[in-house]
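2 protein chains.
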Amino acid sequence: MKLEPEPVRGFRDLFGEDAELLSLVMKKAEKLAERWSFERSFLPTVERFELFAMKSGVEIERTMYVFLDKAGRKVSLRPEATASAVRAYLRLLRGRPKPLKIFTIVNVFRYDEPQYARYREFYQADFEVFGASDPFEDAELVTMLHEYYEELDLPHVIVIGSVRALRSVLEEEGVVGKEQDLVLHYVDKGLVDKALEVVASKARNPERAGEVIAKLAQWEGGEEVIEDGKRLMKEMGYSYSFEDVEEVLAYLPEDVKAVLKVKLGFARGLAYYTGLIYEVKVPGFPVSVAGGGRYDTLTEVYGWERVPATGFAIGLDRTALALKERGRAYKESPLVIVLPIAPEARKEALAVQRELASLDVRSLLLTEKKSVKKAFSYASESGARVAVVLGRKEVEKGFVSVKNLVTGEQRECRREELLDCVANALKRPLEE
Amino acid sequence: MKLEPEPVRGFRDLFGEDAELLSLVMKKAEKLAERWSFERSFLPTVERFELFAMKSGVEIERTMYVFLDKAGRKVSLRPEATASAVRAYLRLLRGRPKPLKIFTIVNVFRYDEPQYARYREFYQADFEVFGASDPFEDAELVTMLHEYYEELDLPHVIVIGSVRALRSVLEEEGVVGKEQDLVLHYVDKGLVDKALEVVASKARNPERAGEVIAKLAQWEGGEEVIEDGKRLMKEMGYSYSFEDVEEVLAYLPEDVKAVLKVKLGFARGLAYYTGLIYEVKVPGFPVSVAGGGRYDTLTEVYGWERVPATGFAIGLDRTALALKERGRAYKESPLVIVLPIAPEARKEALAVQRELASLDVRSLLLTEKKSVKKAFSYASESGARVAVVLGRKEVEKGFVSVKNLVTGEQRECRREELLDCVANALKRPLEE
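Residue numbers (numbering that gives the first Met the number 0), protein chains in the order written: chain L, 0 to 431; chain V, 0 to 431.
Incorrect hints may appear among the rest.
What the hints assert, rightly or not - A short list of chain L residues far from chain V (calculated; beta carbon distances all over 10 Å): (1) LEU21; (2) SER22; (3) ARG34; (4) ASP68; (5) ASP152; (6) ARG163; (7) TRP218; (8) ILE225; (9) ALA249; (10) SER287; (11) LYS396; (12) THR406.
Stated by the list, open to error - In silico contact screen, one side only, chain L against chain V (beta carbon under 8 Å); selected entries: (13) SER36; (14) PHE66; (15) LYS97.
Simulated from the structure, these hints should not be mistaken for laboratory data. Don't be surprised by glycine CBs; every beta carbon is placed ideally from N, CA and C.
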């Protein structure tokens with residue numbers, strides 16, 4: 000029997016530039032967390048199904064990996080990290096000083112139809128703040144997202160709004176519960192006509208509500224669009240006036256405001272958002288690369304006390320893909336390759352490799368016996384810029400040959416001068 | 000209904016020092032891979048069950064998470080990374096220059112009884128080399144493991160041997176297939192008597208075989224013990240003479256040899272090892288923290304051409320736990336805390352936070368409204384060493400107050416001199 004080497008549908012084997020790019024965006028997310036003092040956490044990949052069902056409804060089972068474990072527990076592979084973070088908060092962190100800022104990098108799973116930028120396993124960097132009622136925290140989070148994409152030098156727009164705009168109008172019109180969620184779902188999917196049908200059949204004042212919701216769902220622009228929204232709400236006699244969005248904007252630095260697009264009737268997939276929501280879009284890239292918002296009542300959904308909370312997730316695969324689309328392929332080649340071209344030179348070659356590695360020089364050791372020609376062909380395929388060549392003669396004399404693989408220049412150096420000689424061949428200091 | 004906040008049995012919520020330590024050992028493993036030029040990869044968490052069953056036998060199902068996905072595929076959560084690496088090699092990497100060195104950091108899953116240092120989800124750093132027939136590669140890998148634990152400053156012993164010792168004796172005695180595996184399994188578990196029972200009933204020359212296997216299973220020591228082993232094999236008329244172990248040792252640097260313990264009749268759990276095997280033990284820690292070996296025939300088990308290969312996995316949770324046991328708790332506190340103590344100071348406080356973060360200073364921004372007293376109590380609980388305090392007056396005057404939270408010293412600085420002032424309060428340069 001011959002193994003079929005394809006992975007399971009929707010899963011991926013990443014190597015080379017794809018893996019390096021994903022690793023790069025992952026490390027940058029870690030750095031972001033460290034600098035802004037978000038505490039690291041590791042959370043389970045497998046959780047009880049009810050953790051997700053209580054939060055998002057049992058329909059979520061359709062798009063999740065759900066199975067019975069050997070003890071008969073109905074468990075799921077996590078489709079996102081927030082639910083686990085909230086559970087762990089309730090279990091372990093309620094006594095900690097607030098606001099409490101945590102982060103985690105996770106692989107998450109969705110049983111969706113695989114398509115461009117949508118996989119069945121993907122990676123997220125998840126940032127959550129518990130015990131944070133203040134819009135100033137949302138301003139911090141939006142600023143962090145901006146800094147993250149600035150550092151990656153990835154052009155981006157942050158679409159921002161509040162679920163309270165649509166929800167408060169619907170509330171005042173008596174459209175509540177599942178029907179309210181359905182209107183937001185349609186608006187989120189761009190199906191405004193379908194949203195308006197629900198409004199037409201359920202609202203106390205269908206005409207007025209329909210007009211406002213149609214406008215909210217359509218209107219977007221710079222900060223100034225909020226004034227239009229406030230005027231509209233006031234004229235039509237609704238009480239909400241974008242105060243939550245305005246307060247966050249009041250704290251945001253000018254360079255963050257410059258990338259904002261305010262969307263008055265903004266709705267995002269997840270039903271548990273209670274206020275400000277936002278998404279990061281990269282121009283020309285079909286799906287959002289990050290998103291978040293405020294969820295002040297999720298702990299209550301879980302039957303616990305109210306804990307105001309807010310957070311975002313960075314889609315690491317999508318961010319990596321958006322970078323790749325902009326031609327930002329990225330490959331970490333070794334800088335130096337160490338070539339023992341005689342068996343007697345191997346022990347010394349390993350010592351040379353260790354010396355280079357100890358200085359954090361990316362260095363590759365040739366470990367198979369190869370002819371000199373094949374050794375140099377391996378060297379050039381590796382992408383290394385300099386080769387340290389050790390033959391029997393060199394080792395006996397206490398020398399190494401150092402060759403610049405780009406120019407072809409080669410010189411002999413005393414073994415004690417290895418690092419300077421390599422640095423010289425690289426034409427830059429080694430420990431910069 | 001109130002959510003039960005415990006994770007599923009055997010799974011963990013890690014925060015604080017436990018999470019920091021795990022992250023530390025993970026980052027050091029990444030660094031090791033980068034310096035030694037192992038190529039990064041990401042491999043699927045979910046694989047077809049047959050990938051593991053072909054390699055390890057269907058009995059492995061007992062200790063694995065196996066389930067049917069929505070399309071009726073029998074899939075598993077990976078119990079280790081090597082099988083996926085081999086599959087991906089066969090799919091994508093056969094044309095690459097050899098030896099090909101890759102690595103990945105993965106979460107893996109085993110349905111074992113949870114106990115100390117054994118969890119149902121845990122983390123591994125996996126290093127594999129394909130197209131590597133030469134023992135020099137094994138010498139590189141063992142040296143890397145030593146460097147890794149040296150850098151963590153964790154005392155360690157590397158137990159080393161070859162499965163060929165026991166297997167070649169059993170082969171020559173006609174003990175093959177499942178029975179041969181069973182003998183190795185018993186020796187691995189320390190059940191030498193049970194191993195000898197199998198030998199007694201199956202070997203062509205039970206007495207001779209029993210005597211040699213009993214000695215091999217017992218004898219261990221420094222490099223010199225190999226001479227004893229060679230003498231024994233020769234005297235008893237077996238053909239194996241530890242040549243594979245000797246060749247690796249010939250390449251190893253002295254400091255690596257100093258931590259070796261050669262175990263003549265060494266056997267490790269996994270049935271697919273074909274030659275050199277090794278494990279890293281930390282004195283006083285009950286389980287091995289890393290292990291690896293040579294598996295030259297695994298691709299043949301999968302019905303493909305032979306690809307000599309060798310590799311190791313670092314048990315990241317166990318390594319973190321071994322560090323913790325030695326009192327090496329490790330907590331990344333913020334260095335600086337930014338305290339806006341008036342609403343008018345918040346925007347400036349966010350600017351200060353950004354400035355510090357941009358220099359990689361771990362800095363924490365207070366985002367909730369608190370009294371001055373509560374703000375300072377939050378500051379001291381955060382572990383920060385310096386507070387930057389901004390009130391209305393400070394902002395109006397273009398000043399900040401910088402307070403050393405250890406000594407209580409406080410001084411006012413001009414906003415433009417923030418960084419120097421903080422550096423001074425920290426009594427060390429900021430961008431070191």
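Right, here's what the structure says about each hint:
1. For LEU21/L, the non-interface assignment is contradicted: its Cβ lies about 6 Å from the closest Cβ of chain V, within the 10 Å cut-off.
2. Not every CB of chain V is more than 10 Å from the CB of SER22/L (nearest about 5 Å), against its label as outside the interface.
3. With 10 Å as the threshold on Cβ separation, the claim that ARG34/L sits away from chain V is violated: the shortest Cβ distance comes to roughly 4 Å.
4. Not every CB of chain V is more than 10 Å from the CB of ASP68/L (nearest about 7 Å), against its label as outside the interface.
5. No beta-carbon of chain V is positioned within 10 Å of the beta-carbon of ASP152/L; the least distance is around 15 Å.
6. Residue-level check passed: ARG163/L sits 20 Å from the nearest beta carbon of chain V, beyond 10 Å.
7. The non-interface label for TRP218/L is consistent with chain V: the shortest C-beta to C-beta separation is roughly 27 Å, beyond 10 Å.
8. The beta carbon of ILE225/L is kept farther than 10 Å from every beta carbon of chain V, the shortest such distance being approximately 18 Å.
9. Here ALA249/L does not stay apart from chain V, with its beta-carbon only about 8 Å from theirs, under the 10 Å limit.
10. Every CB of chain V is more than 10 Å from the CB of SER287/L (nearest about 22 Å), matching its label as outside the interface.
11. With a least CB separation of 21 Å from chain V, LYS396/L remains clear of the 10 Å interface cut-off, as annotated.
12. Listed as outside the interface, THR406/L is consistent with that label: its C-beta sits roughly 22 Å from the nearest C-beta of chain V, beyond the 10 Å cut-off.
13. Satisfaction of the interface hint for SER36/L is found here, the shortest Cβ-Cβ separation to chain V being roughly 4 Å, below the 8 Å cut-off.
14. About 4 Å separates the beta-carbon of PHE66/L from the nearest beta-carbon of chain V, less than 8 Å, and the hint is met.
15. Nearest Cβ of chain V to the Cβ of LYS97/L: about 7 Å, under the 8 Å cut. The hint holds.
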